[in-house]
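A.B. asks: Chain by chain, the residues:
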Amino acid sequence: MNGLRKAYGGKVVLDSVDLTIREGEVFALLGPNGAGKTTIVRILSTLIPPDAGTAGVMGHDLLAEAGAVRAVIGVTGQFSAVDNLLTGEENMLLIGRLLHLPAAERRARTARLLERFELGEAARQTPATYSGGMKRRLDIAMTLMGRPRLIFLDEPTTGLDPRSRQTMWQQIRDLVAEGVTILLTTQYLEEADQLADRIALLDRGRIVAEGTPEELKRRIPGAHIRLRFADLASLDAAARALGASMDDGEELELRVPYEGGVRSLREVLARLGDDIPVEDLSVQTPDLDDVFFALTGNPSKE
Amino acid sequence: MTAVNALTIAAHDSATMLGRELKHTLRLFRLLFIGAILVPVVMLLLFDYILGGAIGHGLGDTAQGMPYVDFLVPGILMMTVAAGSAATAINVSTDMTGGIVDRFRTMAVSRGALLAGHVGGSVLRALVTTTVVTGVALLVGFRPKASARDWLGVIGIVAAFSFALAWLSAALGMVAKSAAGANGATLPIQFLLPFLSSTFVPASTMPAGVRWFAEHQPFTPVVESLRALLAGAPIGNTAYLALAWCAVIALAGYLWAQAAFRRAAR
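Residue numbers (the numbering used here), protein chains in the order written: chain R, 1 to 302; chain L, 303 to 568.
Worth flagging that the hints you see were computed from the coordinates, not collected in a lab.
Glycine included, every Cβ here is placed at the ideal spot set by N, Cα and C.
A couple of the hints might just be wrong.
Keeping only pairs whose Cα atoms sit at most 30 Å apart, straight-line, the calculated DSS-like set for lysine-lysine is [claimed, not checked]:
{"#": "1", "chain 1": "R", "residue 1": "135", "chain 2": "L", "residue 2": "325"}
{"#": "2", "chain 1": "R", "residue 1": "11", "chain 2": "L", "residue 2": "479"}
{"#": "3", "chain 1": "R", "residue 1": "135", "chain 2": "L", "residue 2": "479"}
{"#": "4", "chain 1": "L", "residue 1": "479", "chain 2": "L", "residue 2": "325"}
Here chain R is said to cover these stretches of chain L; the calculated rule only asks that three of the stretch's residues, wherever they fall, bring their Cβ under 8 Å from a Cβ of chain R [what the hints assert, rightly or not]:
{"#": "5", "segment": "305–317"}
{"#": "6", "segment": "404–410"}
Work out the full structure: start from the sequences and follow the hints.
C.D. replies: Set out below in structure tokens:
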């Protein structure tokens with residue numbers, strides 16, 4: 001996509017966004033609420049036209065060949081797109097009908113997909129009785145009915161409990177293994193890290209960084225242990241013991257890189273020994289706020 | 303894609319959506335039918351048993367020479383069709399404010415299919431509810447003198463009127479921000495316009511200003527056509543007037559609904 005712009009009533013939501021997503025990869029749009037992630041998904045899935053710019057999806061122009069685009073994409077939006085009055089099975093069959101699949105294939109795919117998304121037992125119940133995770137899985141199963149080559153997943157795990165999130169991640173990985181291209185949006189750094197081949201960081205309608213998770217993480221301050229001491233002597237002794245530099249000399253604090261896990265923490269403490277009194281200790285890991293601070297110079301929350 | 307091919311697909315998709323709408327109707331049976339049957343039946347009993355004596359007496363020979371119940375029932379049937387607007391507007395609004403419409407939009411589904419399904423479902427519901435209400439009316443003493451051809455005419459008017467109101471209520475459901483708002487928007491169709499027509503009393507008994515409105519608004523020729531057909535009386539050109547109004551309302555509702563559907567995609 002090239003120079004995508006979108007504004008609502010004078011408020012610019014997307015400002016000249018250029019992106020290339022390669023076939024077969026998982027591309028994550030990472031950003032806080034209001035960054036423009038959903039707007040990009042809505043434009044690329046033909047729901048709304050851009051104010052300016054062009055985009056092609058699988059070789060089809062978004063505006064001129066919307067019908068051809070729709071035939072190759074599948075969309076699972078942020079808001080549940082299931083019919084709450086129909087059972088899980090009826091939902092699937094409805095989508096199959098709308099895709100003009102022959103009856104036998106419709107039934108076979110419905111059974112297979114419901115089984116795959118662990119909805120076999122709930123097939124004859126309406127989504128009103130489903131948990132959040134089940135609803136989301138039905139949503140994705142419906143999206144897969146048409147064998148899309150490009151799938152949009154707009155915040156697929158927002159609002160899910162940790163276990164459902166893990167299940168969803170595994171299911172997304174399974175899709176990738178089948179060679180489907182995925183455009184994923186998320187607010188969670190961890191999610192993008194876990195799933196994506198490449199990440200674009202979106203802030204207020206602009207792409208502020210783009211690259212593989214490793215490339216991005218190198219630009220983000222790493223996790224560290226912060227140690228505070230009561231006096232300068234303890235600080236000096238600790239700095240010698242840990243071989244760390246004192247970057248905050250006046251505040252009697254040391255920052256030591258932290259590789260994660262209890263073992264790394266224990267190692268640092270062991271090197272300090274019992275003789276150096278530590279007044280306070282905290283472990284700081286980078287979160288989305290840090291990423292934003294590092295890459296935009298702005299806190300992500302206004 | 304050839305034109306014929308596109309038409310086949312549109313018909314296929316509309317049939318799918320109609321099937322969905324009929325399933326919805328069965329699942330929401332109480333919600334959709336109680337209002338659309340109970341309200342007209344209560345009106346029928348209220349006006350026939352409780353107010354009917356006084357109204358019938360007051361009307362004297364202006365009740366067009368028929369017992370008041372025979373005068374009343376055609377109006378109740380028209381109200382039954384009008385009461386169905388609520389269900390249509392609510393169902394359209396539920397679709398539009400939920401996520402499902404976005405799924406349909408991102409699929410290569412023929413554009414008009416969703417609304418066609420709603421409108422088709424609405425017409426079928428109206429045919430069922432008016433049949434039930436007619437049954438109740440017969441139980442309380444309604445004695446139609448319609449011939450078989452007249453009955454066909456009645457079915458035709460009911461179908462045309464419900465088709466017209468369905469497009470109008472689809473548009474109302476489309477622009478409403480919630481299902482409750484959609485329901486509220488149909489209240490004038492359900493109650494105000496029927497009361498300000500010759501549903502319960504002839505327009506000629508009304509005060510001048512209201513009378514002018516009642517004589518010139520679309521619901522009156524619809525009621526008058528049903529009344530003439532059910533009484534087996536000469537119908538004149540009232541039916542043409544009723545059908546013309548139905549065509550105008552249907553077209554206006556259709557254009558409004560389409561415009562609102564397009565406007566939703568911004």
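A.B. asks: Indicate, hint by hint, whether the structure satisfies it.
C.D. replies: Structure-based check of each hint:
1. R:135 / L:325: holds (20 Å)
2. R:11 / L:479: Satisfied, since the Cα-Cα distance of roughly 22 Å is no more than 30 Å.
3. R:135 / L:479: Distance of about 24 Å is within 30 Å: holds.
4. L:479 / L:325: holds (24 Å)
5. 305–317: Held - the segment 305–317 of chain L has 3 residues with a Cβ nearer than 8 Å to chain R, which meets the minimum of three.
6. 404–410: Result for this restraint: holds, n = 7.
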